[in-house]
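Chemist: Take the given structure of chain E and dock chains U and B to it, following the hints.
Chains as they are written, first to last, in the UniProt record's numbering: chain E, 1 to 297; chain U, 1 to 297; chain B, 1 to 297.
Quick caveat, the hints were computed from the structure, so don't treat them as lab data. For glycine and all other residues, C-beta sits at the position ideal for the given N, C-alpha and C. Please note that the accuracy of each hint is not assured.
As a list, the in silico DSS-like pairs of lysine-lysine whose alpha-carbon atoms are at most 27 Å apart [claimed, not checked]:
id	chain 1	residue 1	chain 2	residue 2
1	B	Lys174	E	Lys174
2	U	Lys174	E	Lys174
3	U	Lys174	B	Lys174
To give an idea of the chain U side of the interface with chain B (calculated C-beta under 8 Å), a few residues [what the hints assert, rightly or not]:
id	residue
4	Leu181
5	Ile207
6	Asn211
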Amino acid sequence: MELSEALPLGELAAAFAALPVFPLFDTAYFIVSVLYLKYEPGAVEMSRKSPFASWLCAMLHCFGSYILAGLLLGEAPLEHFSHNSSVVLATAVWYLIFFCPMNLFYKCVSFLPVKLVFVAMKEVVRVRKIAAGVHHAHHLYHHGWFVMMATGWVKGSGVALMSNFEQLLRGVWKPETNELLHMSFPTKASLYGTVLFTLQQTHWLPISEANLIFFFTMFMIVCKVFMTATHSHASPFAPLENLVCPVLFGSVSSGHPGHHHDHHGASHEVSHPPPPPAKSKEELNEGTRKRKAKKAE
Amino acid sequence: MELSEALPLGELAAAFAALPVFPLFDTAYFIVSVLYLKYEPGAVEMSRKSPFASWLCAMLHCFGSYILAGLLLGEAPLEHFSHNSSVVLATAVWYLIFFCPMNLFYKCVSFLPVKLVFVAMKEVVRVRKIAAGVHHAHHLYHHGWFVMMATGWVKGSGVALMSNFEQLLRGVWKPETNELLHMSFPTKASLYGTVLFTLQQTHWLPISEANLIFFFTMFMIVCKVFMTATHSHASPFAPLENLVCPVLFGSVSSGHPGHHHDHHGASHEVSHPPPPPAKSKEELNEGTRKRKAKKAE
Amino acid sequence: MELSEALPLGELAAAFAALPVFPLFDTAYFIVSVLYLKYEPGAVEMSRKSPFASWLCAMLHCFGSYILAGLLLGEAPLEHFSHNSSVVLATAVWYLIFFCPMNLFYKCVSFLPVKLVFVAMKEVVRVRKIAAGVHHAHHLYHHGWFVMMATGWVKGSGVALMSNFEQLLRGVWKPETNELLHMSFPTKASLYGTVLFTLQQTHWLPISEANLIFFFTMFMIVCKVFMTATHSHASPFAPLENLVCPVLFGSVSSGHPGHHHDHHGASHEVSHPPPPPAKSKEELNEGTRKRKAKKAE
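Bound-form chain E, shown alone (with noise of 0.2 Å):
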């Protein structure tokens, strides 16, 4: 819908969704990436005593959204690694970020303000990404809803949906926890930005594609940049979560300070898991019940 007075912000919002993320925003998503990489312990050493690995956990970072898509499409998961110059771009910050002397290229990228120039330059990729698989899955499916949501989500989240996977490539294994146990804020935005796509390109979001690119990604470089800027845990989602959870699902969702950061799996391994809500007797002694004997079955 625009309305005369929308036009300018219509014709923003078009130029802005017209943007071509390569090779400046996808740069500044590799830097991101690789810069989470590196905060992981033990990366540093395995980019010394394996650096074929380190570049894989690397290239897994950066373009898991497509790994991901592919496989769950029935699509090549390598289909995006014939794209050269990404690739080669992609390594080339790897390089940078862990290899180059005096550590000079991390120190740049990591200073904060432009550290947060990066963030946002990021999100900007991501919300570029939950459309374009939406996209796709609806070109593939022309109905599958669920298929529009999923292909969204794993473009949106990237890495982090496979972070046990990621860690194991590390030599590392922590199955008591992952991204969909305990979500990150970015992934579970991008849940629910997959959400508003589909319902836009089912036509039940009044909105057109750009400006709910547009107006999604602005959401996520307030929230990340402010995020990552005051080390902040609150959740933008935790408000909407406490009202509806308890109705829907008798309880509060996992919404707790913590999870707030980055898709990076070893996010995950500084908290813990809250305990477990109080059962009703009921519920405890029917399962008990019910177990012995299905393990009688």
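Modeler: Okay, now just chains U and B, sitting in the frame of chain E:
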């Protein structure tokens, strides 16, 4: 082959094979699958703390067969999720079983006589899936016997064959066992069934597909209903296996009690792997010597 | 390039590259692969207790390269299993090695001179697979260098690259190491080989495919036969790596003794990861500071 006195049976089998599984039989399949998910330790807590992860587990239990078959054949694992009505139905079953006020729905469906009906209906769906899997693989690989058998098998076994990873999604990790090392009854029955359906598809078994579906379904219904009702541990395959395995493999296969429940990962957590059979002194020495040699290589 | 005095060599290479690998060379490949499976701790017990799981492991060892290549390219991982004769041959090899009366077959094939012949024949198949993988990926992605290299690599390395999951199938789980962190000789050689074949395919390496196959196969045969015969640990790549890696990556790569055996998961269980190289005090402080910052985000 239809003899004049088998015509009514042939017509019955044909009508039976043509019964639409959606929505009634599929609903029963979903109910039994999600019931068994609820029995898993920690599943109820997970539904309260991480409802999305709980929903995803339920979807794996309901549609795991389609996901695995898609993975094996290079097709989209999510292809079946484009059937929105199926997914919505499975979601409704999950919600009612986990969140119905006063657990009303759960109490109704787990009332034994009602549950036995659902168990029987689930077997109808299982056998149909095996037949459909073999048929689909035959369409892609006319002479790919092993592909046909593998596809039918994963369609019949479903989530059981990925139990380690379904457990990982719930934050549980038990690598010491899996459905292939210690097969539950439904998985083993699906394996035998897929062999029969492959032989039928390639015209080595002189029986029509409808008749085979009918008879194999009756066999599965009788076994599963009996085992569910009596909490029996006995496998109907044990007599045959105890005859064949010592001849072929020099030892009794692991068909011991405790593995005749439905294909759920947790069912294996209470079974203790049997003590290893005694190896000949020669084999032990040889193994050690060869391992040392291999390490050196 | 064919100089008049190299014509005989060119013809020899062409004839060599045209040699059919099925059934003789494939049989040797299966024999060596299943031999190494038998060396794994617990493999013989598993074959007695869970023969089906043992057979599946053997199929992973024999056809793992095709499964991985299919997964990466979005094709059916099971596609090669439609070649019934291959699967039957591999099954026969597995059965004879594990269940032949008095272990006769095993004793014959593991007699060192005989085994060396099979090891040499296996390398013929390995190099052919690398070439075929690169060729096939080139056909799908004319300029996808990284896709070509990845496909050739997984075709050459085979089951080693999924060693963690092949071990999981046997009920073993060793997440602290994997083939990418600590590459065995065949995996590393396959990696270098796939780079050469990709350069050849894209006309950057001025050599015919037949010549490259011939020379690389000779190199692999000499190395593997020498290493198998002498139980040597020395990697032929170590001199070159010790020259290049400190320059590129600031440290010696993990080319230490103990990693020059064939691609079998168990071979890694006896290697101890080398102690981490000393980090500069600055890097240690920085890492800690950044991890704290990231946790807060």
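Chemist: Look at each hint and say if it fits the structure.
Modeler: Going down the list of hints, with the structure as the test:
Between B/Lys174 and E/Lys174, the direct Cα distance comes to roughly 13 Å. Compliance with the 27 Å bound is thereby established for this hinted pair. With a C-alpha separation of about 13 Å, the suggested pair U/Lys174 and E/Lys174 falls inside the 27 Å cut-off, and the hint holds. This hinted pair checks out: U/Lys174 and B/Lys174 have alpha carbons roughly 13 Å apart, not beyond 27 Å. Hint status for U/Leu181 relative to chain B: holds, with the closest Cβ pair at about 5 Å, below 8 Å.
For U/Ile207, the shortest C-beta to C-beta distance to chain B is roughly 22 Å, which exceeds 8 Å, and the interface hint is violated. With a least beta-carbon distance of about 26 Å to chain B, the hint placing U/Asn211 at the interface is violated under the 8 Å criterion.
In this structure, the hints that do not hold are numbers 5, 6, in rising order.
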